[in-house]
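Asker: Chain by chain, the residues run as shown.
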Amino acid sequence: MTTTIAHDSAPAEANDAALAPELLVRMHELMVRARCLEERLIRMNKQGDGYFWIGGPGEEAFNVPLGLLVQKGQGPQFDYLHLHYRSSATLLAMGADPVDALRQMKSTASDPYSAGRNFCNHYSVRKWNVVPVSSPIEVQFSMAPGSAMANKRAGGKGITIVQGGDAGTAEGDFATCLVWCSRPGNELPCLMIVTNNLWGISTPAGQQHGEKHVADRGRAFGIKTAVIDGNDPENAYRELKKAMDYVRTERKPFLLEAMVSRLYGHSSASGANLVSEEADCLPAFEKKLEERKILTRVAIDELRARTTQELLEASKRVREEPQPQGADIWKHVFADVDLVGSAHGSNGRS
Amino acid sequence: MTTTIAHDSAPAEANDAALAPELLVRMHELMVRARCLEERLIRMNKQGDGYFWIGGPGEEAFNVPLGLLVQKGQGPQFDYLHLHYRSSATLLAMGADPVDALRQMKSTASDPYSAGRNFCNHYSVRKWNVVPVSSPIEVQFSMAPGSAMANKRAGGKGITIVQGGDAGTAEGDFATCLVWCSRPGNELPCLMIVTNNLWGISTPAGQQHGEKHVADRGRAFGIKTAVIDGNDPENAYRELKKAMDYVRTERKPFLLEAMVSRLYGHSSASGANLVSEEADCLPAFEKKLEERKILTRVAIDELRARTTQELLEASKRVREEPQPQGADIWKHVFADVDLVGSAHGSNGRS
Amino acid sequence: MATLVQAVRLALHVGEERHGVTDVFGEDVGAPLGGVFTQSQGLRTAWNTPLDERGIVGAAIGLALAGQRPVAEIQFCDYAFNAIDLMKLAGGICWSSAGDYNCPMVLMTPVGSGIRGSLYHSHSFDGQATRLPGWKIVIPSNPLDAYGLLLSAIVDPNPVMYLSPKALLRAKAGPDERIPGEPDDDKALAKMIDAPLGDRSKWKPEWPDVKDLFVPIGKAKVCRAGRHVSVVTYGRMVPVALAAAQQLAGEGIDAEVVDLRSLHPLDWECIEASVRKTNRVLFLNEDTEVTNFGEHLVRRTVEELFYELHAAPRLLAGAHVPGVGLADNLERASVPQLDQVASAMRELVGHEA
Amino acid sequence: MATLVQAVRLALHVGEERHGVTDVFGEDVGAPLGGVFTQSQGLRTAWNTPLDERGIVGAAIGLALAGQRPVAEIQFCDYAFNAIDLMKLAGGICWSSAGDYNCPMVLMTPVGSGIRGSLYHSHSFDGQATRLPGWKIVIPSNPLDAYGLLLSAIVDPNPVMYLSPKALLRAKAGPDERIPGEPDDDKALAKMIDAPLGDRSKWKPEWPDVKDLFVPIGKAKVCRAGRHVSVVTYGRMVPVALAAAQQLAGEGIDAEVVDLRSLHPLDWECIEASVRKTNRVLFLNEDTEVTNFGEHLVRRTVEELFYELHAAPRLLAGAHVPGVGLADNLERASVPQLDQVASAMRELVGHEA
Ligand SMILES: Cc1ncc(C[n+]2csc(CCOP(=O)(O)OP(=O)(O)O)c2C)c(N)n1
Ligand SMILES: Cc1ncc(C[n+]2csc(CCOP(=O)(O)OP(=O)(O)O)c2C)c(N)n1
Ligand SMILES: [Mg+2]
Ligand SMILES: [Mg+2]
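Chains as they are written, first to last, in this note's numbering: chain A, 155 to 504; chain B, 155 to 504; chain C, 972 to 1324; chain D, 972 to 1324.
Keep in mind that the hints were calculated from the coordinates and are not lab data. The structure presented is a predicted model; accordingly, all values stated were derived computationally and were not measured. Just so you know, even glycine gets a beta-carbon here, dropped at the ideal spot from N, CA and C. Mixed in with the good hints, there may be bad ones.
Said to hold, decoys possible - So the derived label-pair ranges between C-beta atoms look like this:
| no. | chain 1 | residue 1 | chain 2 | residue 2 | range |
| --- | --- | --- | --- | --- | --- |
| 1 | A | A438 | D | D1170 | 26 to 36 Å |
| 2 | A | K281 | D | A1159 | 58 to 68 Å |
| 3 | B | G310 | C | P1003 | 48 to 58 Å |
| 4 | B | D490 | D | S1172 | 38 to 48 Å |
| 5 | A | G249 | B | K366 | 37 to 47 Å |
Build the full structure now, drawing on both the sequences and the hints.
Answerer: In structure tokens form, the structure reads like this:
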């Protein structure tokens, strides 16, 4: 059954349909890979193989289904993603190579996301419409309406997905997204996601937020909303699918709030140690899979061990890759050609 | 009877009590004075006695009661006002000299609000806690929580009143005010007012705002809200009183949306001509006063004529007052003494 | 001859018809107003936004990253200061993604004083804009450059800031500044593309068949050649500098006036050639004078041309005060005036008038 | 001896106990964290805000206008660029109201590179801040100045921007930089005022009885007197300049190092005296080099001291690129390094090493 904490419309029947075992196994494998990747990034940072860590351990149960449900490609026929710095599991579920995350952690010249310029988990993948993740909180919510307009114009089923944390919704940009996505007659196909871990660095949400649910803020704008348990991957998959189907077909916004865990604290600045009080989606899901005889403990442990080992070895190889050179700072200040426009001459660009 | 378009709580009984005739006469006189003042300002601008006009003709039925209900004084025991550039009637109801508005229009050195620096209707009255009105839309909503904190700390009944237009609520600052005034355990005594004339310069509200009522945005934060007819001064007085009483006694925020008219268009930039389609609160109110035998047509016409004449003569005198000198631009870049702190050594300022 | 604002409108029209412009948007930019300065009247892709500058800049970035070609407007540059972070972000998208993305957007905004705009309709933006790496920045001083620079901005794959000197918007083109294809009679042009007063619901513009013309970004223009002193300026101060040069010609002083047109990239070669020729230079703009772009030009001049200088280079700029006051005397005392420009030039050539 | 961040904490404590500070606030400024750099640990009036820089600056203005004495923090200056309009507003409140209101607030924010902070934890703010008329701007380079400048900022009736060089926060005071009243043993100080790791719910600081000390805003300090060349700098570049001077001393070059401490108002007299003495000057900071505050200093120097100069004045500043990259080589290439400072000084005195 599905755990919706709050919902505008009663959960649809389809919603409760069990997911195929193959899908569950696939989700589990991706969750394990994402967890092992974050654990490796944390280790690298603690060993001095990278100056800073921030990432998404604890959000896998939500971010993996999100990545699996994305319509992946370049240009406005496909989904645009304005992601958070905790979205590693989404990237992996879309098919990203975990080694690239290690490269960004080690600031190598080979880092495909920023060539050693940006912090880890600050992705950029043009071929999948993943726009550059930037450190300033919530600015992605001001940008999202732009790509959503492109999606709407293009016809088709492409939507814009924008994701951020709970504390960040206090920035005006969150309100901007609500206003711009709900203009009468110009509603935008934008799925706004708030991954609520009830923290902003050291500040508890309850101290700063008078909203019962952040998602309630969508109501005044006639935006459909839902608040869901993001620690249950099956529930997350169903709720995300439902929300996405609505946005894809209605071409209207949806505000989804997912309650998630912050398993290793805010970042390396706060120690990046396991927080035992936080619920861990992975063992909980594995218990279910065992009970339902979909996976055995042995297989699970073996997968975890193998993945850990692979990433350990990868991190050693990455350590040997060349660093960027000083003169590189002058590269890419300006673009010589129009890369983003190339996806469609359709708009008559000369 | 009271016209509330939407209300969280049913209108209280007290609400319907008729207002004393003396009060109605006083409100009418102030509405007339405010209207005559704006008409004079518009004339001055058209005659070249001032470069720009913007103001509040059409909002008198709401702004006069507001000014009458303010607890006027300096320091956090009294109300702080973060006003809009259409608040002339509020200032007059508080006791401001209309000639000072003429001075600001004519940019004379004697202009007490800005010494010839700022546009007309950009007031500053420290002795009444009227903070400087500035042109950037909505910034007053980011400042208001600050003075509201001071009100709350001071104990007593002082509150913060912040007012802006409907289009401006699209700025993040409006959301900032909602968030900061509703922090759990730190709710602030702040009356947020949106005077909704359904326009932002040339842009109709319906084209940009998906909210049924702007005030609905307060709900998600547990903020009490009301949407009222701002063209009926009796109704406005009662609704304002009710909202203010709540804020004064509960020390919590209230979001009040008043539907008002924009009687001479946006500003001199759009011609400043009478817009016949807009409802005019003044004749409507005068009709009532005549029917109820509180005022006669003769008395009303006489008042209007006299006020118009007084302001015409005042404008001629103001024309003769000296202009600021070039060297004056260097004055008041910095303050030598702490004027705002002087109101209370209470906080142990050395 | 087209006015500067008509030239902008023509360029936007050509942009949407031939160069892929998908959106011209901002507060009151769409019908019925077509912009507070009429710059976007009658355009096919013009639309009104919510009153939210952060939303405007953010939407422009999002549109650009999604392959659209947006031209966004901030109604007055005075109201752009709540979105500087987003401008920094746009300027850093190509760089931070190491070339994975580019961000092709144009941000237009009216700048400067001269219309008695008081505190919040008189700001300049050149100082702030030149602190935004990753942006190209242009500022025309006449209709032809306004047209040609805007078309270049539109086809550029990078974020381009287009600063319109609001005091010059209604200035007419000089005889040598005709836009290729514009009607000879400017009354005719107004009839074709200026929206009528009153009801416009049925009005449609009749666009003249104007031709492409690209003023390259990064190329300055010597508006007046001279031998004794150089004035390097841009935007609203160009006509002022030319008037001052005119005045000084009568005194036997032959001044050169350089209109930068682009602030970044900068046409250093042009400045260098002028300084090497006259050995005396005045940098002129109306922005506040502390941490002012003209100070960058002074710095580069002393670093690279110190031994060419026969007099200390001068900067004439706006007073470093919180705003431009409304009263005539206040505005005049806040930004450079013709007589000040002329006497600064005289001092540089050593003629005390 | 106190570190710079402990000195800030002590000044905030003295501010709230003796000088009317009513609020020390910002993101994560209150318990339990007491600021991302521990600057506000244990303070009576410290509290956490929503994640909203506009709200923080706005609330500070509102508190100030209502007679409170707020010290607001922007967690990193990199995140202050969405509130530049509100800073302009604060700087203009006294001026626009013609002296009816003043706005006594302190805005603190960590600035600069040097901690491998990548694109958004390495920005400088001096260029931006000096473009805000109506603000006083200070930037300490050592614990004693950090203490004395903050107390002066707190009692000033105007908005004061307090820029903390984050790379120096843990730097210890020199022997001549003891805060009056601080314990001799710095272990003891840490025990008294540094919050313990782990649970802090029961922790209370034990404040030493430090005395008032006001470093006047607008007064620079000659950190090292010298005859051959002047280096005028501030913040994180002060120790770099001193190290370079040390190096050059070995080569027989006697360099003077001036720490401005205040960027506005500016101690021009101090700069002028130094330039008149050495006739050679290097201006040094780590902000991006186009429209940079150091260029203002260069401009003023050439305007007022042109004929005193025996060499073209130099500016050494940060690369004009969208950000400071994370990799070591990138950060080093983006902001001035010791060797570059030393060789710039050598060139100025004409010693090619
Ligand atoms: C505009 C801005 N202000 C401050 C910061 C510093 N900062 C980084 S993460 C963070 C907390 C974010 O909390 P939330 O939005 O809930 O996301 P979470 O980290 O919990 O996923 C803060 C304050 C920032 N990156 N950007
Ligand atoms: C930040 C900002 N953006 C744009 C403007 C230009 N402007 C002045 S008034 C106005 C419309 C305001 O509409 P609304 O908030 O509804 O107030 P009203 O004038 O209708 O009372 C605009 C866009 C401004 N003053 N400030
Ligand atoms: Mg959070
Ligand atoms: Mg309105």
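Asker: None of the hints should be skipped; say for each whether it holds.
Answerer: Status of the hints after comparison with the structure:
| no. | hint | result |
| --- | --- | --- |
| 1 | A438(A) / D1170(D): 26 to 36 Å | holds (28 Å) |
| 2 | K281(A) / A1159(D): 58 to 68 Å | holds (59 Å) |
| 3 | G310(B) / P1003(C): 48 to 58 Å | holds (49 Å) |
| 4 | D490(B) / S1172(D): 38 to 48 Å | holds (45 Å) |
| 5 | G249(A) / K366(B): 37 to 47 Å | holds (43 Å) |
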